[in-house]
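Sequences listed follow chains F and V, in order.
Number 471 marks the last residue of the first sequence (the working numbering); no jumps.
Number 206 marks the last residue of the second sequence (the working numbering); no jumps.
Treat the hints as calculated values from the structure; they're not laboratory data.
Wrong hints could be hidden among the right ones.
As the list claims (entries may be wrong) - Residues of chain F clear of chain V, computed beta-carbon distances all greater than 12 Å:
(1) Arg70
(2) Leu97
(3) Gln156
(4) Gly176
(5) Thr212
(6) Asp275
(7) Asn303
(8) Pro305
(9) Asp313
(10) Arg315
(11) Gly364
(12) Lys416
(13) Gly457
(14) Ala458
(15) Leu466
Claimed, not checked - Under the rule of at most 20 Å between Cα atoms (straight-line distance), these lysine to any residue pairs were calculated in the SDA-like manner:
(16) F:Lys337 to F:Lys371
(17) F:Lys416 to V:Ala35
(18) V:Lys34 to F:Asp76
(19) V:Lys34 to F:Gln42
(20) F:Lys8 to V:Thr194
(21) V:Lys196 to F:Lys371
(22) F:Lys164 to V:Leu165
(23) V:Lys196 to F:Glu55
(24) V:Lys34 to F:Gly81
As the list claims (entries may be wrong) - Label-pair distances were calculated between CB atoms; the ranges are:
(25) F:Ala311 to V:Asp148: 30 to 40 Å
(26) V:Lys9 to F:Glu253: 54 to 64 Å
(27) V:Ile188 to F:Ser439: 44 to 54 Å
(28) F:Ser418 to V:Leu4: 48 to 58 Å
(29) F:Arg45 to V:Thr193: 26 to 36 Å
(30) F:Ser439 to V:Ser164: 32 to 42 Å
(31) F:Glu17 to V:Asn203: 26 to 36 Å
(32) V:Leu4 to F:Asp268: 33 to 43 Å
Glycine included, every Cβ here is placed at the ideal spot set by N, Cα and C.
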Amino acid sequence: MGKTLLDKVWDAHAVRELPSGQTQLFIGLHLIHEVTSPQAFQMLREQGLMPPFPERSFATVDHIIPTDTRQRPYLDEQAEGMMSAIERNCREFGIRLFDATSGHQGIVHVIGPELGLTQPGMTVACGDSHTSTHGALGAVAFGIGTSQVRDVLASQCLAMQRPKVRRVEVNGKLGGGVYAKDVTLHVIRKLGVKGGVGFAYEYAGEVLDAMTMEERMTICNMSIEGGARLGYVNPDQKTVDYLRGREFAPAVEHFDAASTWWRAMASDADATYSDVVRFDGASIAPTVTWGINPGQAIGVDENIPMPSSFAEDEREVAEDAYAYMDLEPGTPLRGMKIDVAFIGSCTNGRLSDLREAAKVARTGKVKPGVKALVVPGSAAVAEAAEKEGLHEVFRAAGFEWRLPGCSMCLAMNPDKLSGREVCASSSNRNFKGRQGSPSGRTLLMSPAMVAAAAIEGAVVDVRDILGRNNG
Amino acid sequence: MAELIRVTKVSGRPIPLRGNDIDTDRIIPARFMKAITFDGLGQYSFYDERFDAKGQQKGHILDDPRFQAKGTRVAIVNKNFGCGSSREHAPQALMRWGIKAIIGESFADIFFGNCVALGVPCMTASEADVNVLMAAVEADPTGELVVDVQGKTATYGTLKVTASLPPGAYSQLTEGTWDATRILVQGIEQVRTTAKALPYVRNFAG
Ligand code: SF4
Numbered sequence: 001m002g003k004t005l006l007d008k009v010w011d012a013h014a015v016r017e018l019p020s021g022q023t024q025l026f027i028g029l030h031l032i033h034e035v036t037s038p039q040a041f042q043m044l045r046e047q048g049l050m051p052p053f054p055e056r057s058f059a060t061v062d063h064i065i066p067t068d069t070r071q072r073p074y075l076d077e078q079a080e081g082m083m084s085a086i087e088r089n090c091r092e093f094g095i096r097l098f099d100a101t102s103g104h105q106g107i108v109h110v111i112g113p114e115l116g117l118t119q120p121g122m123t124v125a126c127g128d129s130h131t132s133t134h135g136a137l138g139a140v141a142f143g144i145g146t147s148q149v150r151d152v153l154a155s156q157c158l159a160m161q162r163p164k165v166r167r168v169e170v171n172g173k174l175g176g177g178v179y180a181k182d183v184t185l186h187v188i189r190k191l192g193v194k195g196g197v198g199f200a201y202e203y204a205g206e207v208l209d210a211m212t213m214e215e216r217m218t219i220c221n222m223s224i225e226g227g228a229r230l231g232y233v234n235p236d237q238k239t240v241d242y243l244r245g246r247e248f249a250p251a252v253e254h255f256d257a258a259s260t261w262w263r264a265m266a267s268d269a270d271a272t273y274s275d276v277v278r279f280d281g282a283s284i285a286p287t288v289t290w291g292i293n294p295g296q297a298i299g300v301d302e303n304i305p306m307p308s309s310f311a312e313d314e315r316e317v318a319e320d321a322y323a324y325m326d327l328e329p330g331t332p333l334r335g336m337k338i339d340v341a342f343i344g345s346c347t348n349g350r351l352s353d354l355r356e357a358a359k360v361a362r363t364g365k366v367k368p369g370v371k372a373l374v375v376p377g378s379a380a381v382a383e384a385a386e387k388e389g390l391h392e393v394f395r396a397a398g399f400e401w402r403l404p405g406c407s408m409c410l411a412m413n414p415d416k417l418s419g420r421e422v423c424a425s426s427s428n429r430n431f432k433g434r435q436g437s438p439s440g441r442t443l444l445m446s447p448a449m450v451a452a453a454a455i456e457g458a459v460v461d462v463r464d465i466l467g468r469n470n471g
Numbered sequence: 001m002a003e004l005i006r007v008t009k010v011s012g013r014p015i016p017l018r019g020n021d022i023d024t025d026r027i028i029p030a031r032f033m034k035a036i037t038f039d040g041l042g043q044y045s046f047y048d049e050r051f052d053a054k055g056q057q058k059g060h061i062l063d064d065p066r067f068q069a070k071g072t073r074v075a076i077v078n079k080n081f082g083c084g085s086s087r088e089h090a091p092q093a094l095m096r097w098g099i100k101a102i103i104g105e106s107f108a109d110i111f112f113g114n115c116v117a118l119g120v121p122c123m124t125a126s127e128a129d130v131n132v133l134m135a136a137v138e139a140d141p142t143g144e145l146v147v148d149v150q151g152k153t154a155t156y157g158t159l160k161v162t163a164s165l166p167p168g169a170y171s172q173l174t175e176g177t178w179d180a181t182r183i184l185v186q187g188i189e190q191v192r193t194t195a196k197a198l199p200y201v202r203n204f205a206g
């Protein structure tokens, strides 16, 4: 019987079975950021432990870093404190830190693949739930809490229960103006925000095959929003081509051996799955969230669902969402006024995302009164975008061009909503208060849709701007 | 290294936290994570649900006089509790507020694992049982909710429901190996063997 990629990777990394029945799993790549790591380093210190494989951990700063100036010390004393803590911790424990001056700084899930640190067949862990992003390269990658960050630092291992695998196939072809973000929002909308609990999602099908690596990252990134702790795409020729020549990818003389091993880690054709679901790519519209979790989403041409359309156990959350978002069931979301537009995050802060948004930005100017931010996902993304002149396109259209970081995705830095502001956002979470104002409102959508909303000052269908056949 | 502490039974005054899909941003808003320790997080549990922009109480159950009590607390929750971010700050905040066990219909994966790592059992009960338990507690919050982790039940007065845990977490909690560091570190020689067999660890050389 064939095996899935998850099974192959799991078996290759299983150190032993623990008395609890869980697996002691070796972690090939451990990524660290400033928010979820300081307590872990402290616990290590208290227990007198040193990392056995410090060269398999890499750290960067993304969550609290300001995006307007990098002048130290940061104005925010707490942010400065966290920054100096990660510098001190990495120095003390011998871990490489990509700080703001390194040229490699960026959102942890953008830099891992970009530097070639993330590779197929690896286990990847990070104290961050969007670690699932790295699954796009065929890695088994998942988020962990701070005590588990300590465990990885102390032993390079985790005690884990093997998840089940659900194959999520998207077949056919996407229409013009429909992006990876729409696919992932559609999948979450259909399978629910808790549908993936206990599962790894294996994304496949014609749409995934046709996607670029960056698009696959957008899809895997949001697995956790559907409850799945990890999501992956089987490595193929595109994966191999993507990695060739990257700084931490295998050297030229070993690259063929690497690609052979990588390709062999893909799921076998006769692998068995706990579950298989299929979607038709052609039926997916530009999708926008209207509520307070990423599953509360609709096609931009649909109306906000009626309470009666929800299963009983979802109705209460829907009622809560209508009230919080101040929306009427049965009315269109299209036309809803926005105050802020945010393009960036580990979901949609890569070069291809900025290119798509820039295409739209070229067609107009940001509506007066709308604050629009473009925050590249990493220093490398910023540099590549600037080389193409994208920053000029955005600036000319009235967007602010910022320095790389998480920024308004979770607003731990000075970029925040205020009061009841409505933000069209290319990020991944529309939870209450997520963007820094306890009563702020978030509408998740693709970067092109955010750019369109910035220009119109309201939610619009990007296909009305770009046409429907440019897919 | 920490002593083995077996978590076989937790009892305390109950606190129902109603609602499905309660995310960790709600349990602890990100702005309270700008610190290098978990100290003092308890007071910020559910902060934005409890206080308005002026810092006035909004009448959240955490501030309800009927539900104030000292000592250990046991929370009762609905579906998909703790979804969203992996922040351990969420269970840390609840634990520091006093919650040492949770009974609910279901939990998000990462939140569940974070709780185990802190020795906080998240026991699963049926929707019907959770409803009955919540109703009983809301009618009279003064009793002790006894979570028998070992025996997989929860008892409130005369009410007794089945509460389950997956086998891995069950054994970690009841045998005291929930703080995984010790056991993982013990296996270091085997870890090196596993690592050696992985071609990428050798950079695919040889
Ligand atoms: S961009 Fe947002 S979701 Fe991604 S790592 Fe940063 S804060 Fe988390």
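Against the structure, the hints come out as follows:
1. Arg70: For Arg70 (chain F), whose nearest Cβ neighbour in chain V is about 18 Å away, the distance exceeds 12 Å, so it holds.
2. Leu97: Check passes; 16 Å lies beyond 12 Å.
3. Gln156: violated (6 Å)
4. Gly176: Gly176 (chain F) clear of chain V: closest Cβ-Cβ about 32 Å, beyond 12 Å.
5. Thr212: holds (23 Å)
6. Asp275: holds (16 Å)
7. Asn303: holds (22 Å)
8. Pro305: holds (16 Å)
9. Asp313: Not fine: 6 Å to the nearest Cβ puts Asp313 (chain F) too close to chain V.
10. Arg315: violated (10 Å)
11. Gly364: holds (33 Å)
12. Lys416: violated (9 Å)
13. Gly457: holds (25 Å)
14. Ala458: holds (26 Å)
15. Leu466: At about 32 Å from chain V, Leu466 (chain F) clears the 12 Å cut-off, so the statement holds.
16. F:Lys337 to F:Lys371: Judged against 20 Å, a Cα distance of about 12 Å means the pair holds.
17. F:Lys416 to V:Ala35: Roughly 19 Å between the alpha carbons, so the hint for Lys416 (chain F) and Ala35 (chain V) holds.
18. V:Lys34 to F:Asp76: This hinted pair holds, its Cα atoms lying about 10 Å apart.
19. V:Lys34 to F:Gln42: holds (16 Å)
20. F:Lys8 to V:Thr194: Holds, because 14 Å separates the two Cα atoms, which is no more than 20 Å.
21. V:Lys196 to F:Lys371: violated (52 Å)
22. F:Lys164 to V:Leu165: holds (17 Å)
23. V:Lys196 to F:Glu55: Measuring from Cα to Cα gives roughly 14 Å; hence the hint holds.
24. V:Lys34 to F:Gly81: holds (9 Å)
25. F:Ala311 to V:Asp148: 30 to 40 Å: holds (32 Å)
26. V:Lys9 to F:Glu253: 54 to 64 Å: For Lys9 (chain V) and Glu253 (chain F) the Cβ distance comes to about 60 Å; the hint holds.
27. V:Ile188 to F:Ser439: 44 to 54 Å: holds (50 Å)
28. F:Ser418 to V:Leu4: 48 to 58 Å: holds (49 Å)
29. F:Arg45 to V:Thr193: 26 to 36 Å: holds (28 Å)
30. F:Ser439 to V:Ser164: 32 to 42 Å: holds (38 Å)
31. F:Glu17 to V:Asn203: 26 to 36 Å: holds (29 Å)
32. V:Leu4 to F:Asp268: 33 to 43 Å: holds (41 Å)
Of the numbered hints listed earlier, those contradicted by the structure are 3, 9, 10, 12 and 21.
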